[in-house]
Structure formats: structure tokens, C-alpha cells
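K.L.:
Respectively, the protein sequence lines represent chains X and R. Here the numbering used here is used: the first residue of the first sequence is 1, the next is one more, and so on. Here the numbering used here is used: the first residue of the second sequence is 1001, the next is one more, and so on.
Simulated from the structure, these hints should not be mistaken for lab results.
Dumping the calculated DSSO-like pairs for lysine-lysine here, alpha-carbon to alpha-carbon at most 30 Å:
{"id": "1", "chain 1": "R", "residue 1": "K1116", "chain 2": "X", "residue 2": "K107"}
{"id": "2", "chain 1": "R", "residue 1": "K1007", "chain 2": "X", "residue 2": "K71"}
{"id": "3", "chain 1": "X", "residue 1": "K120", "chain 2": "X", "residue 2": "K29"}
Not everything, but these chain R residues come out facing chain X in the computed CB check (under 10 Å):
{"id": "4", "residue": "M1001"}
{"id": "5", "residue": "K1007"}
{"id": "6", "residue": "I1008"}
{"id": "7", "residue": "I1105"}
{"id": "8", "residue": "E1106"}
{"id": "9", "residue": "N1109"}
{"id": "10", "residue": "S1110"}
{"id": "11", "residue": "V1111"}
{"id": "12", "residue": "P1112"}
{"id": "13", "residue": "R1115"}
{"id": "14", "residue": "N1117"}
{"id": "15", "residue": "K1259"}
{"id": "16", "residue": "K1260"}
{"id": "17", "residue": "E1261"}
{"id": "18", "residue": "V1263"}
All C-beta atoms in this analysis are idealised placements derived from N, C-alpha and C, irrespective of residue type, glycine included.
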Amino acid sequence: MGKHILEIQNLTKYYGKIKGVENLSLKLKEGEIFGFIGPNGAGKSTTIRSIMNLVNKTSGKVLIENEEFNKDNVKLKEKIGYLPSEIYLYDDLTVKEMLDYHEGFYKKNIHNRRMELVKKLELDEKKKIEDLSLGNLKKLGIILAFMHEPKLLILDEPTSGLDPIMQNVFYELLKEEKEKGNTVFYSTHILNEVSKICDRVGIIKEGKLIKVEKIEDLSKKSLTLVTITSSQAKEIKEDLKVNVILEEGNTIKFGNNLLPDELIKKLSKYTIDRILIEEATIEDMFLHYYQ
Amino acid sequence: MFKREMKINLKSFIIWTSILIGLLLVVFLVYPSIINNENIEMMNEMMKMFPEEMLKAFNMDISSIDSAFGWLKTEGFVFILLITGIYSAILGSNILLKEESDKTIEYLNSVPVTRKNIVISKMLCGFLYITLMIAIIGIFNFIGLSLSGDFDKKLYILLSLTPLFSSIVIFSVCLFLSTFTHKTKKMFGISLGIVFASYFLNIISEMGESTEFLKYISIFTLSDIRNVIVNVSINPLMVLLSIGITCVFMILTMSHYQKKELV
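Here chain X stands alone, though its shape is the one from the complex:
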């Protein structure tokens, strides 16, 4: 088991009386890619902004390599690469000038890594930032986050705006970072991304972290989706005490945690016209936790 690179302790953030996140605790191990998922407004960005000290925490602490990460801890800032969901950079600069400016903030020589990333992501350094498309702006944001070879990458919706080819290049970059032993905190609402690249996943709902699980365990969970058409649909629903995802006339669809044998025994009491049992995708599991 690797050491913890990021530790969030009882993080709470209120905007006046409005809850952003509440009592959120989490530990990220060195070399893991942690998926942080939740719908809009669940508290993903508030958590990230609290980690980055862009907003003031109501209470709680953030530790990076066991040291408290405060606003002016420049030493720890050097170890973090941050990519916000919406990137705002200096429109008057060209890509080259922006990257030069960024280089100036770091003591070590990061020029070679910058050149590598520019080449890999096929970004034209001569272009002005104000003329960049959303995808190219995202590429620039990725280069800025990765070029100083940070130990911890905090990425908020990193693939939005990237075309599928560039998305794959980006996933390759993440793999490389993982191989180097760097840690990634990956916030997204694209669930198949999570199953493809993450080692663990945390689900946030209404400002609270409701589940943290390894991706392989989540896949092993015996959640199936059952669709039944029956005149006794209502009784089945009450008997099995299930959370119905879809209900249309005599047809119900629900998430099922029972073992197959147990499910069939329970259903054998009823007259069933049609039954469909499917394996749940990660999206279904996510929705299941959200209901």
C-alpha cells in the first residue's frame, strides 16, 4: 500500500447558509487515479476549489504529503497540477507567451516536458489564446497542468471539448503519470471514463461523499437491472421493496441486489408475461446510488 499523497479531513464548505460540501473525508494513495463523480451541483467543484484554496473552507483540513496545504504554501503548490473545468487565461498572449510565463513560476527546468506535451497534443504555439477553440484551450490547460511534472494532478472535467482522438492521447498521458507514481484526482460526470481509467471512485451527492469503492469491486457488485411485465407489477414492487427506475403501465424496471436464485424464488409466486435481466453498467450503478 502506497503512502497517502492527498488527505482531506472533514472538509465543510458553506456559502452563507447554502451547503457546498459537508464533512467530506478522503485519502488518495500515491500512484492511483481517483474518479470523483457526481452530477452538477453535487459539490465536486466546491471540493476541488477548497483543496486548491480558491475558496475558504468553513472547517476541515487538506494535507498534501502529510503537510497542511494552505494558500501560501508555495512548496506544495509546486507539486500540484490543476486543470479547472472552465479555463480562463490571458487573451492578449500567444500560446508560446503563456507557456513561457508559466515556466517562470517554477524553479526547475520544465521546458523539455513542455515541448514534449506540445508535440503530443499537437498545439500550435504561435496562436493567440483569444483565437483558440474550446478544444485547443483545453489542450493548453492540460499542458499547463502537466508540464511541471506534478506529483498530484487535480483535474476537473478534463476531456470536455476534446475530440475522441485527443481524448485517447490524454488517457495515454494519464497512464504515463500513473506509471511514474503520480496521483490523479479526476472529477467527471462521464461515467465510462471512470471505469476505463480510474482505480477507485468516490460518489458525491448533495455535498456528501456517499461511497468510495474500487472500480473492480463496483463491477463485481451483483447489481442487475430487471424489467418485468406483469399484471401483478404493483404487488411485485411492494413485495421486493425495490427502487423502481422506470414504470410504464404493467412494466417495471428496477435495480436488483438479490442473488439470481433468491430473485427467481420470490418472483415464482407471480404471473409474469415478460422478464429481462441485464448486467448493470457503471451508469446504472451510479443512478442506483443516487436514488
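Assemble the complex: chain X is given as a structure, and chain R must be docked to it using the hints.
P.N.:
Frame of chain X, contents of chain R only:
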């Protein structure tokens, strides 16, 4: 960061300095031709018709406008004071706040730099541009006056320095106030309000004994042109006060900026 700050604020510096130089150039070109014995006689007659308070407000009771230097001592420096004040106010309210309104502050706060250093870089840039503007105007006027005739050089140099005191204080106050908002438009109105309110309070304070107390709440009191003309010296208290107030607002800015959140 300081270099970038200098670069992005260069354009507005050039524009404001050019406006001021352009207006002063017109005065230097036109003034000698309109000033002849006949006109001076006429103007002096006209001055007698103005109330004393009015003449005091523009220092016309202690200086005549019979030469370019005379004009500078009266209307000229009041005008320079006002323009450098407006420039300082706009610079102070924009220099830090622009990062928030353009949302680039998220980037800046994520790179290895302290908030204190961000504020210091912007302050240094502001102070440098204000000093540069006053120096350029000073040199320009010096050349203009040298070509126009003889003038009291010591008095002129002291007068040229006076706008610096009110300008750096206006800059510091506006910079501090900008840490309370995220909107440049709002701050623009407030900063200009401070300059004009200060300016009028200063004028009113010189109109009579009953309104004299108003000078204690006007930033322009720190640039006491009247005292410089009468005593040919700068009141050291005003220098100390300007430095003191600027330092206090610098500390307050850094302390309050530390708590500022992203919206």
C-alpha cells in the same frame, strides 16, 4: 509577473500620459501668443470681478496667469493633479480586480506564487507608472517652460513632485477597495467618485474658514500646491502622511486579499 504587469498596463499609461502632454502642449504653443500687455490688463480686470474664494480655489490670489509658469501654478497644476488622480484611481481599481473579472485569478492562484507577492507585484507596477507619469509630465513642462522664458526652477521642481503624494494614496485606497468586489464596473464608479469628491472637498475647503475643516477628508490636501507656492517648500508632514497612509492601505490590501474567494 511584474514584467507582465508592466506590459499590460503600458497601453493605458501611454494613452493617459499622451492626453496630458497633448493638452499641456496646446497651452505652451498658444499661451505666449495670447499673453500680451493688453490681454494681461484685461484679464486682471476680469479677475477683480471674481469672488476671492473662487480665486483662492485656483491659487489665483497668490499667482498671476501672465506667463506659462503662472498658468501652471494656478490652473495647470490643479488640472495635472486631477488627471494623475483619475489615472491612479483607475489603475488602482483595475490592476488587481481585472484578474477576478477576467477569471484569470483561478490560474494565478494555482501556480506557486503567494497572494502577497501578487499584490506586491501589482502595487510596484502601479507606483512605478504613477511616478513615471509625474516624471514625464515634469520633464515635459520643464522643457516647455525653459523655451517660454525664465522661471523659478526650485519652485517648479517642488510643484512637479506634489501630485505624487495624492496619486499614490488614491491608488492605494482604490486598490484596497477593489478587494471587496469582483466587478470592475462597480469599482470604476467608486474610484472616480473618490477622486471627484476629494477634489471638490478640497476646493470648497479653501473657500472660507467655515469650510476649512473639509480639507482633512480630502486626499488632495496631501498635494498642497498652495503651500508650495507660498513657502517654496513641501510640508514634510504631508510627505510623511502620504507614505504612512499608503503603507497602511498596502497592509490592509494584503490582509483582506488573503481572504478573497473565487466566485
